[in-house]
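Start from the sequences and build out the full structure, keeping to the hints where you can.
Here the protein sequences come in this chain order: F and V. Using my numbering, read the first sequence as starting at 1 and increasing by one per residue. Using my numbering, read the second sequence as starting at 576 and increasing by one per residue.
Source of the hints: derived by calculation from the structure; they are not laboratory data. These figures come from a predicted structure and were not determined experimentally. Any given hint could turn out to be false.
What the hints assert, rightly or not - Below, computed lysine to any residue pairings styled on SDA-like, alpha-carbon distance capped at 25 Å:
id: 1; chain 1: V; residue 1: LYS634; chain 2: F; residue 2: ARG455
id: 2; chain 1: V; residue 1: LYS634; chain 2: F; residue 2: ILE153
id: 3; chain 1: F; residue 1: LYS432; chain 2: V; residue 2: ALA591
id: 4; chain 1: F; residue 1: LYS432; chain 2: V; residue 2: PRO583
id: 5; chain 1: F; residue 1: LYS432; chain 2: V; residue 2: LEU608
id: 6; chain 1: V; residue 1: LYS634; chain 2: F; residue 2: SER454
id: 7; chain 1: V; residue 1: LYS634; chain 2: F; residue 2: GLN456
id: 8; chain 1: F; residue 1: LYS432; chain 2: V; residue 2: GLY667
id: 9; chain 1: F; residue 1: LYS432; chain 2: V; residue 2: THR726
id: 10; chain 1: V; residue 1: LYS634; chain 2: F; residue 2: ARG462
id: 11; chain 1: V; residue 1: LYS634; chain 2: F; residue 2: GLU413
id: 12; chain 1: V; residue 1: LYS634; chain 2: F; residue 2: GLU452
What the hints assert, rightly or not - A short, non-exhaustive set of chain F residues, derived as facing chain V with CB atoms under 8 Å:
id: 13; residue: LEU415
id: 14; residue: GLN418
id: 15; residue: LEU421
id: 16; residue: ILE428
id: 17; residue: ALA431
Where is the CB? At the ideal position from N, CA and C, for every residue including glycine.
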Amino acid sequence: MKWNVGTKLGVGFGLALAVFVAVGIIAYRSTQELLSASGLREHTYIVLSNLAQGLSALKDVETGQRGYLLTGETDYLEPYQAGLKEIDRSFGEVRKITTDNPGQQHRLDRLELLIKERLASSKETIDVFRSGKSDAALQIVKSGKDKALMDQIRAVVAEMQNEEEGLLIKRSAEAKSNAEQVEWTIVLGTVLALVIAGVAGLIITRNIARPLQELTRVAEQIAGGDLSTNVPADDRDDEVGALFKSFRRMGESLHSMAGTAENIAAGDLRTNVQPQSAKDMLGTSFARMIGDLREQLRSLGEGATTLGSAATEIVASTTQLASSANESATSVSETTTTVEEVRQTAQMANQKAKAVADTAQRAAQISQSGRKSTADMAAGMERIRQQMESIAASMVRLSEQGQAIGQIIATVEDLAAQSNLLAVNAAIEAAKAGEHGRGFSVVAQEVKSLAEQSRQATNQVRSILSDIQKATTAAVMATEQGAKAVEAGTKQTETAGESIQALTGSVTEAAQAATQIAASSQQQLVGMDQVAIAMENIKQASTQNVASARQLETAARNLNELGQRLKQLVERYKV
Amino acid sequence: MNPPTSDPQEILRARARALARTAEPAPNPSAMLDLLEFRLAQERYAIENRLVMEVSPFKELTLLPCTPAFIRGIVNVRGRILPVLDFKRFFGLPEVGLTDLHRIILVRGGDVELGLLADDITSLRQIPVSSVQPAPPTLTGIRGDYLKGVTADRLIVLDLARILADPGIIVNEEVDA
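Structure below.
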């Protein structure tokens with residue numbers, strides 16, 4: 001067999017297609033015949049129908065004529081008029097349809113003559129009756145001419161109907177035999193075409209699908225990575241054979257690539273791969289890969305050496321870093337504690353500053369009231385001074401009056417002394433008078449007693465006056481001292497007023513300063529809070545740094561080991 | 576105690592008899608001394624009233640030179656010029672400065688009139704002669720000579736008559752020119 005796959009498919013399915021085309025042609029032609037036979041039968045049915053309608057219309061004309069003649073009513077002429085029109089239409093239709101049948105045309109000519117005669121007779125009868133000659137019309141009807149005409153017409157129509165029905169039976173038989181023939185042709189042709197197509201399909205399947213299935217299995221294995229299967233030998237010349245050859249070459253190529261890859265995997269990079277073609281991507285890639293791998297391994301070797309030394313240095317550095325991070329974490333922790341203490345101190349300072357500000361405010365208010373008080377006090381001191389002056393004046397007057405009283409007392413005392421002396425002299429005289437002077441002696445005694453009482457009273461008054469004068473003197477001195485004290489007090493009050501004025505200014509400034517200090521302290525506290533938070537963050541970061549440094553140390557050690565291992569790995573490769 | 580009686584009058588009378596003081600016998604005027612009591616320094620002195628003319632305030636003493644120390648000077652009392660004796664100098668009592676509070680007691684004994692300087696005139700009084708006791712022996716010298724006696728309440732009674740009769744008080748002194 002020298003046929004390729006396309007030819008085989010064309011021959012097999014072309015035979016089946018030819019049989020189908022033949023069956024189709026036959027079926028088409030038979031259908032055409034059946035259609036024409038069906039049209040002829042319909043034709044016959046139309047002719048029969050029109051004949052029946054024409055006869056019926058003729059009967060309507062006759063009925064209308066008779067009704068009119070019997071009754072004289074023009075209403076009965078309506079079927080007559082309608083029948084005339086129907087007769088023309090139906091028999092005209094029959095003539096048009098049966099033009100292909102000369103026998104029927106001939107009979108139709110005869111029928112038209114008979115109908116014309118019959119209609120003329122009816123018209124005549126109706127005209128005669130309308131002109132009032134009902135008897136003459138009756139005579140015409142009684143003559144039986146119309147009946148004879150109708151009988152002839154019926155006979156001709158029956159002849160035509162028979163002719164058409166005979167034609168119908170003949171055409172039906174032809175159509176039936178024709179249809180049976182077509183049916184057989186279609187059944188047999190279809191079966192034959194199916195058989196041919198089945199045989200062709202079976203042959204093609206056996207010839208193409210089996211080898212393709214085999215190849216699919218092999219391709220599936222290759223796709224699964226199994227390169228050990230051999231493609232079965234097939235020396236066919238067609239496309240399947242070519243496919244087998246290509247698969248075999250692909251397998252061999254893949255096998256050799258796999259061998260190369262095996263070598264590479266084993267660390268032998270000395271093999272050189274020749275690409276199968278210019279577009280051999282795998283081969284080219286392998287060649288480039290081997291070249292690149294050699295280059296990279298060389299670089300890798302150098303890199304591993306460098307990495308080893310660098311990793312050693314990194315280990316040293318990270319160890320140092322870890323210890324530094326530890327120390328800095330400790331320092332940061334201490335700093336955080338210190339900052340916390342400072343923050344608490346700042347908080348206390350803030351509270352104190354607030355308290356001081358409040359106190360300063362109160363002190364400012366108090367000093368304001370103190371200023372007012374000193375003013376009041378100055379006024380009070382002035383009043384006291386005036387009072388003291390008036391007291392001093394009163395004291396001076398009192399002293400003077402005391403002196404006057406003293407003079408008066410001296411006078412009274414003198415008088416008393418003289419009275420006493422007089423009394424004594426009187427007593428002496430009385431004693432000289434003897435018995436006669438006894439009464440006078442009593443009077444003298446009384447006078448002396450009075451003088452004595454006066455003297456005692458003046459003595460009392462003098463002592464009282466002396467006390468008064470002493471007290472007055474003391475009071476005058478006290479008043480003078482008081483005046484001096486008041487003066488000094490006034491000066492001191494003025495001084496105190498000025499001092500309190502200055503103090504008020506100072507205290508007000510101090511209150512403002514304290515308020516500013518409180519505000520500053522508040523800001524400081526906020527700042528310290530932020531610092532504390534920042535230090536806390538730094539502390540956490542420092543702790544993380546320590547952990548990171550430890551991890552880094554571990555990582556550096558791992559890196560060092562990795563460098564050593566990498567060096568060993570690279571040394572295993574033969575470049 | 577008397578036996579009890581039922582008569583209230585009798586009882587009351589008995590009680591009155593029991594309580595009654597015997598009336599002092601009226602003093603004999605001849606046995607009484609009328610004295611003028613005066614004060615010298617802190618001591619009380621008295622002289623017999625019958626020799627006293629009057630008492631006068633001390634004023635305008637005129638000092639008299641060439642007289643004994645006990646003559647303080649002379650005074651003019653209603654036209655009479657009298658010497659003034661100071662008993663303090665006789666009795667050695669402490670002296671004080673002269674003031675117008677001093678008094679002069681004008682006395683006359685025989686033909687001698689003079690003034691006695693006294694610190695104060697206390698009173699006139701009458702005392703029984705019997706109450707004047709002799710001066711204690713401690714008072715000697717001139718004081719002893721001039722004393723009449725001392726009473727129970729330490730009143731020193733001077734014997735003015737003897738003083739005035741004492742020739743020692745008569746000043747008869749000539750001063751050589």
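Outcome of the hint check:
1. A C-alpha spacing of about 20 Å is found between LYS634/V and ARG455/F, which places the hinted pair at or below 25 Å, so the restraint holds.
2. For the hint linking LYS634/V to ILE153/F, the alpha-carbon distance of about 230 Å lies beyond 25 Å, and the restraint is violated.
3. A C-alpha spacing of about 42 Å is found between LYS432/F and ALA591/V, which places the hinted pair above 25 Å, so the restraint is violated.
4. At roughly 53 Å between alpha-carbon atoms, LYS432/F and PRO583/V are farther apart than 25 Å, so this suggested pair is violated.
5. The straight-line distance between the Cα atoms of LYS432/F and LEU608/V is roughly 13 Å, inside the 25 Å bound, and the hint therefore holds.
6. For the hint pairing LYS634/V with SER454/F, the CA-to-CA distance comes to about 22 Å; that is within 25 Å, so the pair holds.
7. For the hint linking LYS634/V to GLN456/F, the alpha-carbon distance of about 23 Å falls within 25 Å, and the restraint holds.
8. A distance of roughly 32 Å separates the Cα atoms of LYS432/F and GLY667/V; the hinted pair therefore is violated under the 25 Å criterion.
9. Restraint check for LYS432/F and THR726/V: satisfied, since their Cα atoms lie roughly 24 Å apart, inside the 25 Å limit.
10. Only pairs whose Cα atoms come within 25 Å are accepted, and LYS634/V paired with ARG462/F is accepted, the gap being roughly 23 Å.
11. Distance check on the hinted pair: LYS634/V and GLU413/F sit about 16 Å apart at the alpha-carbon level, within 25 Å; holds.
12. Distance check on the hinted pair: LYS634/V and GLU452/F sit about 21 Å apart at the alpha-carbon level, within 25 Å; holds.
13. For LEU415/F, the suggested interface contact is broken, since its CB lies about 12 Å from the closest CB of chain V, more than 8 Å.
14. At about 7 Å, the closest approach between the beta carbon of GLN418/F and any beta carbon in chain V falls short of 8 Å, and the interface hint on this residue holds.
15. For LEU421/F, the interface hint holds, the least distance from its beta-carbon to any beta-carbon of chain V being 5 Å, beneath 8 Å.
16. A least Cβ separation of about 5 Å between ILE428/F and chain V falls short of the 8 Å threshold, and the interface hint therefore holds.
17. Restraint check, ALA431/F versus chain V: the minimum CB separation of about 5 Å is within 8 Å; hint holds.
Checked against the numbered hints above, the structure violates hints 2, 3, 4, 8 and 13; every other hint is satisfied.
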